[in-house]
Every structure is written in structure tokens, then in C-alpha cells.
Amino acid sequence: MLHISMNKSDPNPSSLPLTEATYFILLSLSPGPGHGYAIMKDVHHLSGGRVALSTGTLYGALKRLLAIDWIQRVDDPNGDETGRERKAYRLTDMGRAVLTAEVQRLNLLVEAAERRSGLSDNNA
Amino acid sequence: MLRHPRGDTLDSEDIIRLYTLLLLLFPRRHQDEFGPEMAEVFSQMLRDADEMGEGVAWRIFFREALDLPGFALREHWLERKRPRYDQHSHPFTRKMPAEHAAAIIFGIFILPGLVSLAFPPLSTVFASLITLLLLAIAVTIIYGLKRGADPWLLLLFGGLAGVAGIYGIDPAVRNAAAVAIRALRPDAAGSLLSPTGLIGIVFETGLVWASIVAAVSAVWLTLHRLPGFQLPAVEARNDWIGITFMLYGAVPVYLLAESTVHQLSLPISIAILLIIGFGAAGYLRAYHPFVRVLSLLTAVGAAFLALGAMELLAFEGQGWLTAQSAPSIVNNRALIAFRAVVAWIWISTVLISPWLIRRRPPFVANLVLVGLWMMLFSPIYRYLWTISTNQEFRLNQFALLGVVGLLIHQAHRGGFSLRLCSPPAFYPPALMMLLGSALLFILVEHLLDINTLSAALFGLSLYGLVGLWLRPQRWRDGLPAALLLIATLPFGEHLQTFVGYPVRLITAGIVRDGLAGFGVNSVGVDTILVFENGISQVDLPCSGVKSLWTGGMFFLAATWIERRRFHLRWITTGLMFVILLFLANLLRVMILVSVGQVLGWVLLAEMLHVPLGVLGFAAACAFLVWMLRRFVPGVDETTAADTNARTEGLEVRPRWLTPLLFAANLLLIILYSPRPQPAAAQAEAIFSFQPELVVREWPFTPEEADWLSADGPLSANRWRFEWLENTGSLLLITSDTWRAHHRPERCFEAYGLKIEASQSRLLSTDFPIRQVSLSGAKGSRQYTAVYWLQSPDRVTDDYALRIWSDIAPERTTWVLVTILFDRSIDPLEPEFSELYAGLRRSVDRSLLEGTQ
Numbered sequence: 001m002l003h004i005s006m007n008k009s010d011p012n013p014s015s016l017p018l019t020e021a022t023y024f025i026l027l028s029l030s031p032g033p034g035h036g037y038a039i040m041k042d043v044h045h046l047s048g049g050r051v052a053l054s055t056g057t058l059y060g061a062l063k064r065l066l067a068i069d070w071i072q073r074v075d076d077p078n079g080d081e082t083g084r085e086r087k088a089y090r091l092t093d094m095g096r097a098v099l100t101a102e103v104q105r106l107n108l109l110v111e112a113a114e115r116r117s118g119l120s121d122n123n124a
Numbered sequence: 001m002l003r004h005p006r007g008d009t010l011d012s013e014d015i016i017r018l019y020t021l022l023l024l025l026f027p028r029r030h031q032d033e034f035g036p037e038m039a040e041v042f043s044q045m046l047r048d049a050d051e052m053g054e055g056v057a058w059r060i061f062f063r064e065a066l067d068l069p070g071f072a073l074r075e076h077w078l079e080r081k082r083p084r085y086d087q088h089s090h091p092f093t094r095k096m097p098a099e100h101a102a103a104i105i106f107g108i109f110i111l112p113g114l115v116s117l118a119f120p121p122l123s124t125v126f127a128s129l130i131t132l133l134l135l136a137i138a139v140t141i142i143y144g145l146k147r148g149a150d151p152w153l154l155l156l157f158g159g160l161a162g163v164a165g166i167y168g169i170d171p172a173v174r175n176a177a178a179v180a181i182r183a184l185r186p187d188a189a190g191s192l193l194s195p196t197g198l199i200g201i202v203f204e205t206g207l208v209w210a211s212i213v214a215a216v217s218a219v220w221l222t223l224h225r226l227p228g229f230q231l232p233a234v235e236a237r238n239d240w241i242g243i244t245f246m247l248y249g250a251v252p253v254y255l256l257a258e259s260t261v262h263q264l265s266l267p268i269s270i271a272i273l274l275i276i277g278f279g280a281a282g283y284l285r286a287y288h289p290f291v292r293v294l295s296l297l298t299a300v301g302a303a304f305l306a307l308g309a310m311e312l313l314a315f316e317g318q319g320w321l322t323a324q325s326a327p328s329i330v331n332n333r334a335l336i337a338f339r340a341v342v343a344w345i346w347i348s349t350v351l352i353s354p355w356l357i358r359r360r361p362p363f364v365a366n367l368v369l370v371g372l373w374m375m376l377f378s379p380i381y382r383y384l385w386t387i388s389t390n391q392e393f394r395l396n397q398f399a400l401l402g403v404v405g406l407l408i409h410q411a412h413r414g415g416f417s418l419r420l421c422s423p424p425a426f427y428p429p430a431l432m433m434l435l436g437s438a439l440l441f442i443l444v445e446h447l448l449d450i451n452t453l454s455a456a457l458f459g460l461s462l463y464g465l466v467g468l469w470l471r472p473q474r475w476r477d478g479l480p481a482a483l484l485l486i487a488t489l490p491f492g493e494h495l496q497t498f499v500g501y502p503v504r505l506i507t508a509g510i511v512r513d514g515l516a517g518f519g520v521n522s523v524g525v526d527t528i529l530v531f532e533n534g535i536s537q538v539d540l541p542c543s544g545v546k547s548l549w550t551g552g553m554f555f556l557a558a559t560w561i562e563r564r565r566f567h568l569r570w571i572t573t574g575l576m577f578v579i580l581l582f583l584a585n586l587l588r589v590m591i592l593v594s595v596g597q598v599l600g601w602v603l604l605a606e607m608l609h610v611p612l613g614v615l616g617f618a619a620a621c622a623f624l625v626w627m628l629r630r631f632v633p634g635v636d637e638t639t640a641a642d643t644n645a646r647t648e649g650l651e652v653r654p655r656w657l658t659p660l661l662f663a664a665n666l667l668l669i670i671l672y673s674p675r676p677q678p679a680a681a682q683a684e685a686i687f688s689f690q691p692e693l694v695v696r697e698w699p700f701t702p703e704e705a706d707w708l709s710a711d712g713p714l715s716a717n718r719w720r721f722e723w724l725e726n727t728g729s730l731l732l733i734t735s736d737t738w739r740a741h742h743r744p745e746r747c748f749e750a751y752g753l754k755i756e757a758s759q760s761r762l763l764s765t766d767f768p769i770r771q772v773s774l775s776g777a778k779g780s781r782q783y784t785a786v787y788w789l790q791s792p793d794r795v796t797d798d799y800a801l802r803i804w805s806d807i808a809p810e811r812t813t814w815v816l817v818t819i820l821f822d823r824s825i826d827p828l829e830p831e832f833s834e835l836y837a838g839l840r841r842s843v844d845r846s847l848l849e850g851t852q
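Sequence order for the protein chains is E and D.
First residue of the first sequence: 1, per the numbering used here; consecutive thereafter.
First residue of the second sequence: 1, per the numbering used here; consecutive thereafter.
There may be inaccurate statements among the hints.
[Stated by the list, open to error] Not the full set, but computed from the structure, chain E residues with beta-carbon under 7 Å of chain D:
| # | residue |
| --- | --- |
| 1 | G36 |
| 2 | Y37 |
| 3 | A38 |
| 4 | S54 |
| 5 | T55 |
| 6 | G56 |
| 7 | Y59 |
No lab work stands behind these hints, which were simulated from the structure alone.
All values derive from a computational prediction rather than experimental measurement.
A virtual CB, placed ideally from N, CA and C, is assigned to each residue, including glycine.
Required output: the full structure, derived from the provided sequences and hints.
Below, the structure written as C-alpha cells:
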């Protein structure tokens, strides 16, 4: 029993770092629920056009995130353009904690780089 | 509108269809969960890309087309480690109401069987028309289910479908096969190519297969056209491999069903069943369609191989349908109807089996287990049928009805739900009862061949089997009822025979010693036995041994009604009750012998006989009830409920138990071997009678000969005789098995004679005979019969002794001598003594010659 996390929203350190696709999908869902195509477009936008998810990549990642309970499926209240019911995805507490931890981890990395020889200044 | 790179225009819908086809590469689980969403996202991507230009859209499509197979492969790899996919959206997961299910089952399976018993098969044309009708009815049934039709309507449609199945597909295919083969090879009659030869069978089977393909396709197409059946149609299309399984599975099972009825030996049947089972298991466990189809093909091929091997080895030179078409079978309407019904049930079962196996694996495993268990006990069914229908066992049938009524009442009140959808529970008492009784059954069948004992073990094993799916507490509560049910078997006569004989010897010995203690030394055991037996017209309460049976039933019923627990005190009480019954009988015999034999008041002894028996029995039963209430703890409802609640979640249902039970049943089936029957082909016994006895052969009628030869006597002869002024008939039956020696009283009753009295008489100390006083219809004429059983060593009138002699390892040949005089006589009159002595000598000589 000692190995069981006491808090369900505590991220497992071993799950970090995240892959780029996973990171951007979680980031895309951080403001609120989104459906498949919205996520795909948002990821493209957030990554500055660098990450273009295919449907295979997107749904492979969503499937795994659902399985490890970082996201959950909800009804999209808006439906699609034709008004048909459609599914959306949103972050769970665990998913949000993982994303926060990953952002903190990345911040630490960036801060470390900044402390060393003004790397960020040179880049700037 | 998109433009194809070659210049043709291509609708975006077409590209989406191509994409949808690519999605089929994914595992079914992934397709069901994400397929529609992925297609939706892809179509949105295409719409946006269309605005950006044609090239972008094509680039997206090609990127997806290159990307998806890799992801699909990965998903398949991951799918490998997941539990079997369960399609929750299957249309048949909706629970069918019980009355609907009952109506359909009765309609499809039972009604057609009854109809086929009454009406002959139809011609090809009619059969084909009815086949078409079957399709229409099948659609109507599904439509009715979908719309919630009334049960009676489903019963009607189900019945029509079943009748059409039997009268339509079966004869249509057979007739068409025969016509086609004759057209192809007119010279093939009588050869392996004939409709009854091996190739004919394969051809016929192919046609059966084709007809099922046609039927399923027609139903499928019809469903596809009906807007209300979109969901089943989609499911059917998605599960096309399941349909393939149905078709492939139906063929060997059809063959199996056809041949099992007549020709296949048990091992071959089991082998084919296993082959089909492996094929089905391979299909269900495999994920890849190719592996699935391969496993089916392998299994079907192996089934055909087994059948072919059987054809060559077991029935060399002739097709097995040739033997099946023998006149004796063809003319047997019941057999033909049975064959058709069995084939129909098998095919129907196979058609639903993929769904059943997939939806309810434990249920199917349980059904197979029950099937194996039933196969193990199959030798006893004929006897069970006999005792449930023969007038001879009417008392037992009434008792059975009563107990069944009580059982239904109790089950209704207390709940008796079998959890057949769960794997068997590891409940040691039930398991031990199941396997222990099965093992004893095998031993009893091989060593003793006593049907009642086998039937009792069947009952015990059945209750053990039930215990695998019943709550332990409920199983324990129902045990007295189950034992009571088993006790309604006709144990009386067998108890009298197998227990009664030694008990009577012990009783007689104790009475002799008791009387000797009072200084009466002249009464021997044989005298006591004859005396006790002689005045005893055996009925339930007044026979010491039969009272054990009645008392046993009373004990079980009292335990059940009083809701007493099985406990050490319960066993002690039972033992005390048996001792009480024994003592009551002992006291009765002692009083009777003292009054009748010692004091010489025979009439008083006869008067006391029945009242003493009843009094003793009633007193013992009253004492039993008092002891049960006083000493044996009852079932506390609250405690029982608590125990139920506590044990509910603790029941162990190990995965290894089902395979273990399969293996145990199969092993017992293989080990089963009936008691070797003596060879019937021995020289007929020849009797030479004294010159004063004038005899004339009186041959048996065919019915009499059939009945007499059923149990394998070595010989049976009948004469009319004249002895001095007397006439009558003489029957001598020689046999080395007790089964062939029926009690003469039963024969007399079968001929319409009424038994007025039956008593032992002593011609000399070593020559007891049984005198039976008989009367004709309405008492018009009186007859006297005399019989005895004679072996090379001794003469007896005791049927029990005759049976006990068969338990010995070495068989002894006995002759049952029955003399029926045409009038009422006193068999101890001197004029008959030489008749008996001469007959005894003749039989002795015959037995002596037989042993040389």
C-alpha cells in the first residue's frame, strides 16, 4: 500500500517528460474541453505550425491519455456544424497536474539555461 | 470537388470512403471507439484543405494514407495484451423476456418434432417452397422481436419456422443431392458415388452448406433493405467473419448430428466434438482474421478427416448412410423424425453459438460441462424412463410427484436460482458429491449392475453438479429435499433383496439366541426365516426392511419440514432411528415366533403381525421427531441470511476448475464399462423328465420370446404337462444372471391373474418351495403355482438369495422352476412329492451336464 499515491491528482514523476504531441494536446485542452479537429488545429497553432498531427497520431495519443486518465471524454455541448452530437475531451485533475508539473520542469530547464552564461540573452 | 492527379474529378465523399476503408486496418475496438470521430476529423480537414487548394487536400490524404497503416499495426500490437473485446453495442445484448424466449424455443424446437412424428416428409417442390417460407418467417420473427410482438405470435412464427426447417431444408437438400448425383453419374448406383456413398455425403453436405449460405444471405439482404434493421444489418456486416464461422461450423456439426444418431461410436463423436471445439476456440481467441479463418478451416478439415477415417475403418466398403438407409431404420418413423429434429437443433445451435460463446463464455462452458456429465450417465436414462412410466412403479411415481410438488413449493418460497452464467464454484461438499457419485456409478455399473443404485448415484451426482452454481447455504438447505427425491426411486424391492436378506439373517439369529436364553432351543434360523416370511404379506410398514426405506424417507422429510441442520447430532439421530426400527422389527419377530411357533398360537400370530409392525414403525417415527426437535439444531433464518451475505463475495471460482471437471468427466466416460454380460450362445439346457410326467412342448409366442430373451437367459422352455390326474404348465428358465429370473408373481400378474397368497413351504429341510395361490378374472377360477430356484448346490425359494449369489466373483447357473396347476391344490399333498423330486433330479442332471 505504500506504493499507492495518497493523492489522485499527484503526477507520477516517471511520466515526465512528455512527448511533444502529448504536451501540446494537454496544453490545447487546458483552457477547456475541445473536440478532435479543434485540438488538431490548436496544436498546429500553438506550435507555430511546427507540429501537424495526423488523425492517427491524434487519436493514438487521445486513446492513451484516456486510458491513463489524464483526459476524459465529454459531450460537446455545441455539437458540430450540422447540430449532430459529438464528443469532446477535457483535462482531468491528474492531467492538469501532469501538465503543470511538465511546465514547471520546462521552466526549471529554461531558468537553468538562463543562469548559465546568458544563453537566453544571446538567443534574444 | 477535387481533381484527381490524372485529371479525373473525384468527389470528396469518395476520398472519405477511401479513408474509411483505411480505418478497417485498425482493430475492431479502435474502429468502434474512434472510427467515426477520425472520419469526421478527416472530412473537416478535407473541407478546410479544399479552400486552400486542390494540392493541399491531396497532400493531406496521402499523408494520412501513409501514416495510418503504421498506427494500425501499433494498435494491433497493443491490442494483443488487452482483454477480449466486448461489443457493448451488439443488438442482441438486450435481454429477451422469458416468455418470448420460451415461446420461440418451444416453437422452433419442440413443436416441429411433434409435427414431424405425425406427418411424412414432403416432395422436393413443396420442400423448396417451404424453405422460402422459412426465410420469410425468420425475417418476421426478428421483426416481431424488434417491435415487441406478443409471445403467442412468436410461438406461431417460431413453430412455422421450425416446421419449415425440418420439412424444407432437410428433404430439399437430400432430394436435390440425389437428383443431381443421378444426373451426373447414372451408373453410380450402389457405388461410393451414390447418394448414400462417401462422395454423395460430401456432395450433400456441400448442398447443405450452400443452402445455408443462401438462407443467411437472403435474410441478410432482406434486413439490409429494411430501414428499421439498420443496426443489426450493420452489425452483421461488421461481423462477417462470425457469419463465416456459422457456415463452416454448420457443416461438420450437421454431419455429426446426422451420424451420431445411428452410427458413430462414442469416442469418434467425442473426437469430432473436440475438433470442432478446437476450431471454435481458435476462432474466438485469434485476433487476426486470417488466423481465425485458418483455424476454422483446419477444424472443419479435421472433422472431415475423422469422418473419412471412420468411413474407411469402421464401415469398410459401404457408406455410413447405406447402413442408415436399412429398411429397419427407414421404416422407423420415430427415428427419422428424431434424426430430423436433432439435425435441426444442431444447426440452429451452431447458428447462434458464435454469439453465445462470445457473449457468455462461462455459460457455454457450463453447458458443455453439463453435456459431458449427461453423457457419462447416459446408460441410466432408459431405466429412469421405465420407472417413471411403468405401472409397476406407480407408488414411486406418486411419491415422486409429491416430492417434486414440495420441491417446487420450497423453491418458489426460498429461491433456488442457479447462477449458470458464472463459472463453477469450488465448494468441496458439492464437488465431492458430484465426482464421488460419478466414480461410484462407474464401479456399480461394472461390478453390480443394479439399476436402482446407479439411478441413486445419478441423483446424488446431479445434486452435486447443481451445487457448483448454487449458493452453498441454499445447497445445504436443499440437501434433504434432494435426498428425498432420490429416495422415491424404487428401492423397496432392492432393499428387500440386498439389505433385507442379511438383516433378516441377523434378526433371525438374534431371535434364536434370545429364545435360547429363555430355554427354547428347538427353533432354528431357517424356521424363523420361513415363519417370518411365510406369514408376511409384505407391505411397507410390516416388513422390517421396507420400513427402513419408508423410515428413511420420513427422516428426510422431517428434517426438511422441521428445518433441521445437517449436523453431527443429525447423523446420530439418524443412526438411532435406524437402530430403533431394527429393534422394533426384532421385537415384532420375537413376539410372533414366541406366540406362533413356541406357544403354537399361529392364528394369533397372524393377527398380531400387521399391528405390531405398524406400532413399531409409528413409535420409532414419533421418537425420531422428538429427537430432531430436542437435539438437532435448526436452521436459523437470520444466521443463514448472514452466512449467505458473508459467503456471497467469498465464493471461490477458480479458473482451473472448469477444465478439471471437463477432464474428470471425460476420463470417467472413457473408463465406463458395463458389467460383462454372459455369452448367450451356449448349448440349450436339455431336460429329461421322469416317465410318469407326460409333457408336450408349448412354444413361446414371439412377444413372449422377446421378453424372455431381453435379459439373456441361457435357455427358456415351456411345456404342458399331465401328472396323475392333474394338468398344468411347466416353465424352466436357465440363467447365470439374476436379471433373467423374473419373479413368477410378476408374470402371473402380467397374464391377468390375481395373487391371493404367497408363502414358503418346506418339502424337506433342504427343499423349500414357494406356493402362490391365484385367481382368474373376477375370481372365476382358482389356481395354485409352485416355484423354486435351483443351483448345483442348493434349492431355495428366496429371490434375495438368488440375487446375492450373483455378487460372488464366480457366476453360478440357476434354474427357475415354475409349475402352474390348472386348479387349486395343496402342494404338500403326497401325490405331488415325487413330481417335485423328479423335476429336481432332472434339473440337477441338466446343470451337471452344463458344467462339464
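Status of the hints after comparison with the structure:
With a least beta-carbon distance of about 4 Å to chain D, the hint placing G36 (chain E) at the interface is held under the 7 Å criterion. The closest approach between the C-beta of Y37 (chain E) and any C-beta of chain D is roughly 5 Å, which is under the 7 Å cut-off, so the hint is satisfied. For A38 (chain E), the suggested interface contact is broken, since its CB lies about 9 Å from the closest CB of chain D, more than 7 Å. With a least beta-carbon distance of about 4 Å to chain D, the hint placing S54 (chain E) at the interface is held under the 7 Å criterion.
Nearest Cβ of chain D to the Cβ of T55 (chain E): about 5 Å, under the 7 Å cut. The hint holds. Nearest Cβ of chain D to the Cβ of G56 (chain E): about 4 Å, under the 7 Å cut. The hint holds. Nearest Cβ of chain D to the Cβ of Y59 (chain E): about 5 Å, under the 7 Å cut. The hint holds.
Of the hints listed earlier, the one the structure fails to meet is number 3.
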